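Input sequences plus hints: build the corresponding full structure.
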Amino acid sequence: KAGVTQTPRYLIKTRGQQVTLSCSPISGHRSVSWYQQTPGQGLQFLFEYFSETQRNKGNFPGRFSGRQFSNSRSEMNVSTLELGDSALYLCASSLYGPSSGNTIYFGEGSWLTVV
Amino acid sequence: AQTVTQSQPEMSVQEAETVTLSCTYDTSESDYYLFWYKQPPSRQMILVIRQEAYKQQNATENRFSVNFQKAAKSFSLKISDSQLGDAAMYFCALNYGGSQGNLIFGKGTKLSVKP
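For the protein sequence lines, the chains are A and B, in the order given. Using our numbering, you'd call the opening residue of the first sequence number 1 and step up by one each time. Using our numbering, you'd call the opening residue of the second sequence number 1 and step up by one each time.
These are computed hints drawn from the structure, not numbers from a lab.
Each pair of labels, with its calculated beta carbon distance range:
no., chain 1, residue 1, chain 2, residue 2, range
1, A, F60, B, K78, 27 to 37 Å
2, B, A72, A, S79, 43 to 53 Å
3, B, T3, A, P61, 17 to 27 Å
4, B, N67, A, G62, 35 to 45 Å
5, A, S79, B, K78, 37 to 47 Å
6, A, E82, B, N67, 36 to 46 Å
7, B, S28, A, Y10, 35 to 45 Å
8, A, P61, B, K55, 37 to 47 Å
9, B, T3, A, P39, 15 to 25 Å
10, B, Q83, A, S22, 26 to 36 Å
Computed, partial: chain A to chain B, Cβ under 7 Å:
no., residue
11, G42
12, L43
13, F45
14, N56
15, P98
16, G101
17, F106
18, E108
19, G109
Here are the simulated DMTMM-like pairs of lysine to aspartate or glutamate, each with C-alpha atoms no more than 20 Å apart in a straight line:
no., chain 1, residue 1, chain 2, residue 2
20, B, K107, A, E108
21, B, K78, B, E17
22, B, K78, B, E52
23, B, K110, A, E108
24, B, K110, B, D86
25, B, K70, B, D26
Since this is a predicted model, take the numbers as computed values, not measurements. Glycine included, every Cβ here is placed at the ideal spot set by N, Cα and C.
Structure (structure tokens):
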């Protein structure tokens with residue numbers, strides 16, 4: 001059974017640009033969550049989608065957005081990139097979502113560098 | 001607010017010996033779940049062990065076991081017979097039910113294993 005797949009794995013963007021990251025969850029999983037990992041702030045929750053609906057959102061500015069498609073694949077978008085957006089972005093999937101105590105499986109992450 | 005605290009930024013253990021990583025948490029919820037995740041240099045978060053708060057019995061997975069002290073809000077991870085492959089960042093995480101279910105992570109403990 002394939003795991004959580006994130007693309008691209010590495011990318012470099014310039015300040016002011018926008019970026020889209022993609023996540024394919026484990027087959028059958030309907031919940032996809034996104035986390036940002038930085039050395040200073042650690043792991044922070046961005047948002048969670050379930051059946052194409054955003055159920056929860058962390059404390060991030062509106063430049064961070066996401067969506068989920070009918071096949072449960074998810075994308076997150078960051079507009080008007082800032083240097084501080086440089087981070088590892090981790091996608092996680094589970095059957096029904098974090099609030100139900102499901103085991104959450106993570107992808108290998110997308111490394112974003114903003115220059 | 002829900003918080004997770006890992007007070008040991010770095011730990012070191014000799015191969016084949018036992019090491020315990022500490023984690024304390026704070027939540028007002030009665031129904032929650034606790035996890036230990038391992039993050040090797042590849043950066044993929046790997047679930048090590050999971051504990052339901054309503055279960056008094058400590059979870060065990062092969063060489064990994066937890067000491068769950070609910071009243072003290074403590075959730076430590078014991079690694080027995082440490083192996084070189086155990087070297088990684090270890091994150092303690094809290095997941096609770098309700099409308100804002102997501103994983104809340106501690107800052108992590110970097111474990112080194114000496115041959």
